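2 protein chains.
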Amino acid sequence: MKHQDISAFYKDLDAYAGKTVTVCGWARSIRDSKTLGFIDMNDGTCFKGVQVVFEDGKIDNFKEIAAQNVGAALIVTGELIVTPEAKQPFEIHAHEIKVEGASTPEYPLQKKRHTVEYLRTIPHLRPRTNLFSAAFRVRSAAAFGMHKFFQENGFVYIHTPVITTTDCEGAEMFQVTTLDQEDLPRNEDGSVDYRQDFFQKKVFLSGSGQLQVECTAQAFSKVYTFGPTFRAERSNTPRHASEFWHIEPEMAFADLSDDMDVIEAAVKYVINYVLDTCPQDMEFCNQFVDKGLLERLRHVAGSDFARVTYTDAIKILEEHNGEFEYKAVWGEDIQTEHERFLAEKHFGRPVFVTDYPKEIKSFYMRQNDDGRTVAATDLLVPGIGELVGASQREERYDVLRARMRELDMSEEDMYWYLDLRRFGTTVHSGFGIGFDRLVMYLTGISNIRDVLPFPRTTGVAEF
Amino acid sequence: MKHQDISAFYKDLDAYAGKTVTVCGWARSIRDSKTLGFIDMNDGTCFKGVQVVFEDGKIDNFKEIAAQNVGAALIVTGELIVTPEAKQPFEIHAHEIKVEGASTPEYPLQKKRHTVEYLRTIPHLRPRTNLFSAAFRVRSAAAFGMHKFFQENGFVYIHTPVITTTDCEGAEMFQVTTLDQEDLPRNEDGSVDYRQDFFQKKVFLSGSGQLQVECTAQAFSKVYTFGPTFRAERSNTPRHASEFWHIEPEMAFADLSDDMDVIEAAVKYVINYVLDTCPQDMEFCNQFVDKGLLERLRHVAGSDFARVTYTDAIKILEEHNGEFEYKAVWGEDIQTEHERFLAEKHFGRPVFVTDYPKEIKSFYMRQNDDGRTVAATDLLVPGIGELVGASQREERYDVLRARMRELDMSEEDMYWYLDLRRFGTTVHSGFGIGFDRLVMYLTGISNIRDVLPFPRTTGVAEF
Chain A
48 MKHQDISAFY
58 KDLDAYAGKT
68 VTVCGWARSI
78 RDSKTLGFID
88 MNDGTCFKGV
98 QVVFEDGKID
108 NFKEIAAQNV
118 GAALIVTGEL
128 IVTPEAKQPF
138 EIHAHEIKVE
148 GASTPEYPLQ
158 KKRHTVEYLR
168 TIPHLRPRTN
178 LFSAAFRVRS
188 AAAFGMHKFF
198 QENGFVYIHT
208 PVITTTDCEG
218 AEMFQVTTLD
228 QEDLPRNEDG
238 SVDYRQDFFQ
248 KKVFLSGSGQ
258 LQVECTAQAF
268 SKVYTFGPTF
278 RAERSNTPRH
288 ASEFWHIEPE
298 MAFADLSDDM
308 DVIEAAVKYV
318 INYVLDTCPQ
328 DMEFCNQFVD
338 KGLLERLRHV
348 AGSDFARVTY
358 TDAIKILEEH
368 NGEFEYKAVW
378 GEDIQTEHER
388 FLAEKHFGRP
398 VFVTDYPKEI
408 KSFYMRQNDD
418 GRTVAATDLL
428 VPGIGELVGA
438 SQREERYDVL
448 RARMRELDMS
458 EEDMYWYLDL
468 RRFGTTVHSG
478 FGIGFDRLVM
488 YLTGISNIRD
498 VLPFPRTTGV
508 AEF
Chain B
48 MKHQDISAFY
58 KDLDAYAGKT
68 VTVCGWARSI
78 RDSKTLGFID
88 MNDGTCFKGV
98 QVVFEDGKID
108 NFKEIAAQNV
118 GAALIVTGEL
128 IVTPEAKQPF
138 EIHAHEIKVE
148 GASTPEYPLQ
158 KKRHTVEYLR
168 TIPHLRPRTN
178 LFSAAFRVRS
188 AAAFGMHKFF
198 QENGFVYIHT
208 PVITTTDCEG
218 AEMFQVTTLD
228 QEDLPRNEDG
238 SVDYRQDFFQ
248 KKVFLSGSGQ
258 LQVECTAQAF
268 SKVYTFGPTF
278 RAERSNTPRH
288 ASEFWHIEPE
298 MAFADLSDDM
308 DVIEAAVKYV
318 INYVLDTCPQ
328 DMEFCNQFVD
338 KGLLERLRHV
348 AGSDFARVTY
358 TDAIKILEEH
368 NGEFEYKAVW
378 GEDIQTEHER
388 FLAEKHFGRP
398 VFVTDYPKEI
408 KSFYMRQNDD
418 GRTVAATDLL
428 VPGIGELVGA
438 SQREERYDVL
448 RARMRELDMS
458 EEDMYWYLDL
468 RRFGTTVHSG
478 FGIGFDRLVM
488 YLTGISNIRD
498 VLPFPRTTGV
508 AEF
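Chains as they are written, first to last, in the working numbering: chain A, 48 to 510; chain B, 48 to 510.
Hints were generated in silico from the structure; no laboratory data involved.
Please note that a few of the clues may not be correct.
One copy or two, either will do: identical chains are not told apart, so a pair holds if it fits within one copy or between any two.
Unchecked claim - Below, a list of computed lysine to aspartate or glutamate pairs in the DMTMM-like style, where the Cα atoms sit at most 20 Å apart:
no.: 1; residue 1: K195; residue 2: D323
no.: 2; residue 1: K195; residue 2: D52
no.: 3; residue 1: K248; residue 2: D230
no.: 4; residue 1: K95; residue 2: E199
no.: 5; residue 1: K49; residue 2: E199
no.: 6; residue 1: K249; residue 2: E219
no.: 7; residue 1: K105; residue 2: D79
The structure presented is a predicted model; accordingly, all values stated were derived computationally and were not measured.
Let the sequences and hints guide you as you build the complete structure.
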């Protein structure tokens, strides 16, 4: 079906002004007086739609069109008229309107404000609203912007596995099986016989591709994975989903300082990319979701990110412990309220907190010479707190092995991870960005359920 | 660590010729005479490496370097010398070589030819070989090329869910659960009580995001999903993996002919993209994996793809039934041997076979007026057979409902899919590309296990 995207008119109005065009889309509203009608029509190719003016006599099915319900799919051919004095820069004067697919009065998205809670009950229809249309368009642009940044900088995109036998973070995991749950095969001792399962052993959904991208970083120097990961935590917060997308870059011959340079460049790049490619969506989010959004993002894109050690950050926080619900104490996690204090009040810009106590961080992080801390960093940003977690990885075979023993980890299961330290090990570093949180940050949307097209949370997996 | 990617020298030799450079990488081979040594060094930023020349007296640790094992990680600083008369266009004369990480004589990737079967047993190390380095670099470029094509053409990237309650294709699926397999909760009748499972119902790993992208196509007009999908088939073939990546675009206001136009453009785009961005990798594949590769790909990129109906294709095949293992019969699937005959011998270029008998295709495909066939197409390409499966979707509420009843499908479970036909339905179409098969096609690699970094197949899920 030959037609024009509505986005094309916003991109290059001169090319279409005064011309006959055909647009295909859905009616957001239809109103008419006796012989003149107006359709607010949207095709989703950009945030804004186009006003279609239809007149009895100029089209031969005026009554049919005037009687359409909100949500109807229409094909409109008409003249694109530039309207510099009006609110919208152009409109279409219809010559012909075809009803492609009617709607009904029961259509749930009538022209009124719906709550996000209600809209979450109709995930198949909510992308047709302003909010979700903007959210998912920004999500798409942010995903591509991230790919573009890494590809332009020579990173090889690696598809790390979703089904895994390895538990990287010690989090709760989903089990994957083809065993008949109503009739599980048993060993002699009564335990489940996993030799009969599809992979002949117990497997899970991966929570992180990091350990696997480390393998490939030792071949390509710079790699990243970007795919879905899973945590089976029974939490019910606005910031946690059971299925979430994860960007995990990894670089050989790079220490924590190099890592922070790349993180800073990546965050600035993706901010600028969505500001450039989704101006209408971002303007909407700034106006209706989060008033300070554009100013904050532009400020971050233009800042030099600060860097402070965990130990110094705790000293700063201790001076304000009276203001916090939880007191800041060396050796314990930095709470969200602390993160926001540091980024918003103390530094007033994004800040890398580095060199955390080893007890609160993962086994694979490189131990510092002080014996107490590891070369890890979290990037804290104004308005959200932690956005990126990163570390230099322990590249020394003996040190890694000793740490794994301390933590009672199986060397046998992790032989391949240790192999990387036996054969041409390198100083190497990487980071993880929770992509859904990044989209929350970019749009100002405060609930992760509203940046995921089909969110999976405790008890919820629609379709 | 400030250093140069080896790829930078191949891109712009003039900028580095005669300059002091630092490269970080791994020794593929090291050889020396008494006072002069040569290292074949690779950093994975491109297929080809660089020869490092080191000389006793010019570096102060000649013996240490000469004694290194294959696989050692080295940091080399030296002068980049252009060598127009030699096999390689340049080499580095070292001033300083630092051993970043030693290797050992047990390093499995000694300078000799290894079988792919052996290399599959060391997935953590095989990206360091020529074959897998090329395969995964092409994979990365093809993934980005596909994203680029869809983004440039206004498609919104939608992350469809991995965990799903919906079974799109009727294939075998993996179940996902957090129930304790050793102690399953039971209902009174003895069956498993899924109300206690994480999502309070039975859920699976998705085999396709199509039904979900259809929801979003009715909002954005043009969308695509690109992510991992799963089939729990206990097959052991070179073309099937249990976890595979899938590109599934969907377009509103597009019929099967529009669909084929987009498929043809996408396939040509990705071919040209990898030829342009991975010339060294593609040259290697052409020389060592599949002699006719480059010629075939260039031919395809330059062809107009043919179109033939299934009914006509069967007529063509019937004339050659004597040559086939399986006879071609109207009403049955076209076998791989038939696919290859059509693409390679009869048409000599890619061919879309359209309008298949409805009995051998999925419920959601649009029924043609003949009552016997549906508006589906497979793209068959020389050298591989089916590369893309596509169809126009049934957009008529009553027709879809009748077909679902015929097939005894639950309208209640699929209410949301039917809703799309109640509220502003559109003629719409989409397609699916098995991304791993596309990479096989682009590289000439004949086993899917060798284009996936960590393949999951029956009984195999390493790491």
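Hints, one by one, checked against the model:
no. : hint        : result
1   : K195 / D323 : both (14 Å within a copy, 16 Å between copies)
2   : K195 / D52  : between (24 Å within a copy, 18 Å between copies)
3   : K248 / D230 : both (17 Å within a copy, 18 Å between copies)
4   : K95 / E199  : between (31 Å within a copy, 19 Å between copies)
5   : K49 / E199  : between (34 Å within a copy, 18 Å between copies)
6   : K249 / E219 : both (14 Å within a copy, 18 Å between copies)
7   : K105 / D79  : within (14 Å within a copy, 87 Å between copies)
Going through the hint list in order, the structure satisfies each hint without exception.
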